[in-house]
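Q: Here the protein sequences come in this chain order: A and B. The opening residue of the first sequence carries number 3 in the numbering used here; numbering runs sequentially from there. The opening residue of the second sequence carries number 10 in the numbering used here; numbering runs sequentially from there.
Some clues are possibly wrong.
Under the rule of at most 25 angstroms between Cα atoms (straight-line distance), these lysine-lysine pairs were calculated in the DSS-like manner [as the list claims (entries may be wrong)]: (1) B:K297 to A:K35; (2) B:K215 to A:K29; (3) A:K49 to B:K220; (4) B:K307 to B:K335; (5) B:K13 to B:K374; (6) B:K307 to A:K13.
Please keep in mind that the hints were generated in silico from the structure rather than gathered at the bench. Predicted, not measured: the structure shown is a model, and the values here were computed from it.
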Amino acid sequence: MIETVIAQKAKGNAVIANSIRTKLYLKGVAVDKFTAASPDDPAVMQKVREIAKEFGVIV
Amino acid sequence: MSIKTLSIKGTDSRDVARQAREALADFQTKLMLFFASSDYENPEAALAETFPDAEIIGSSAHSEYCNAGYTSGSVSIMAMDAGSVEDVCVQVVENIGAELELRDVLNGMHAHFGGADEILANFERYVGIVLFESSAKAEEIFMDRLGTATDLLFVGGSSSAADGGKSLVYANGRSYTGAAVLAILKTTNGYDVLKTQSAHIFSERKLAVTKSDLHNRILYEFDHRPCGEVYAEVLGVGQDEIQNYFVCNPLGVVAGDEIFVRTFNQIQDGGITLHCGLPEGTEINVLKIGDIVDDTRKALDEAISYEPAGVINFNCLYRTLEILNKDQVEPYCALFGRYPSIGFSTNGEAFFGHINETSTVLVIK
Chain A
3 MIETVIAQKA KGNAVIANSI RTKLYLKGVA VDKFTAASPD DPAVMQKVRE
53 IAKEFGVIV
Chain B
10 MSIKTLSIKG TDSRDVARQA REALADFQTK LMLFFASSDY ENPEAALAET
60 FPDAEIIGSS AHSEYCNAGY TSGSVSIMAM DAGSVEDVCV QVVENIGAEL
110 ELRDVLNGMH AHFGGADEIL ANFERYVGIV LFESSAKAEE IFMDRLGTAT
160 DLLFVGGSSS AADGGKSLVY ANGRSYTGAA VLAILKTTNG YDVLKTQSAH
210 IFSERKLAVT KSDLHNRILY EFDHRPCGEV YAEVLGVGQD EIQNYFVCNP
260 LGVVAGDEIF VRTFNQIQDG GITLHCGLPE GTEINVLKIG DIVDDTRKAL
310 DEAISYEPAG VINFNCLYRT LEILNKDQVE PYCALFGRYP SIGFSTNGEA
360 FFGHINETST VLVIK
């Protein structure tokens, strides 16, 4: 879900992808802590959904 | 020369503007950035009257930097012509302590340059400067909203003031409190941004912020335990001693290779107040402060391998006080004396978010 937000927002621009990653950290989402295999954390998922909505991307 | 830098001490703001006009005769200033000691009254009005064709933005300052010099009671000015800045759009957002929606402001600024698609297509040429008036203490929320409203990188800092002086930001020939000045620059030859905080990871142990008051910048809990107790545990000191470590061991959000420093203020209301709020869910490390001069030299040398047109240094007031205490002003300023540069001692720095105890640097090619 996190990578989807980054990819959709960055639209292929690597510089923007890095900046979105940093913005997620500063919003309280420790991006590198999670992988596709990580167990679902409802609180983190809700936070990412809210961030996605702010960014105007669909997850 | 597409950028000129000046350090002026005048009898008053009109005298400063007069000296600037003499120094900038035959120079077609497109954008003027200035950092004025809060000793000066209405420098923005005097400069706007003297340079009616230039966009002028600035901030009050506790102390100022210009080239290899460090001063107080002066005005540092950077004048940029079309050789460095092709176009600029300035907006002021007032009442930044209120709930903010910045999309309309940013959409308008994007439109000035032909829209977001034009900016995205020439991303390496566009950069933003943000100057906060610091009394609102709303920079972290503002930077979060700004980062949502635009993909552009904004770099800058928060105003400061000399003892007894007033903190202000300036634009459009006016002064503002509780406001942010935004400027988007379309640079002629591009730019670089760097950040150096002279802070390193003290402990690899990650601490999760589980209770905090972001708006009031109060930290209560790490990992569901009182934050002071956990902080003391990481440092290996008694809980009654932690205040002695607040300056040397700040907190940091570690995002990849970047560290975003949050400094402590004081123990209060069952928590610890910070100079920058932390949202719940954030993971932090405890940091240790290193050698400011060495770390700044490394950061500048790594990032600037060319002859820049100009360098703008938003240097935390804590760092200024530290280099004053350690008698390192001369070697620190010598690093910036290698370029046409200005800077000031800030009450917080901006780079993606609001940060502390850091130097954020905009390099104009």
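Q: Hint by hint, say whether it matches the structure.
A: For each hint, the structure was consulted:
As the CA atoms of B:K297 and A:K35 are separated by approximately 23 angstroms, the hinted pair is consistent with the 25 angstroms bound. The suggested pairing of B:K215 with A:K29 holds, with an alpha-carbon distance near 16 angstroms, which does not exceed 25 angstroms. Annotation: proposed proximity of A:K49 to B:K220 holds, straight-line Cα distance about 15 angstroms (limit 25 angstroms). Using a Cα cut-off of 25 angstroms, the hinted pair B:K307 and B:K335 holds, with the two alpha carbons roughly 19 angstroms apart.
A C-alpha spacing of about 13 angstroms is found between B:K13 and B:K374, which places the hinted pair at or below 25 angstroms, so the restraint holds. A distance of roughly 33 angstroms separates the Cα atoms of B:K307 and A:K13; the hinted pair therefore is violated under the 25 angstroms criterion.
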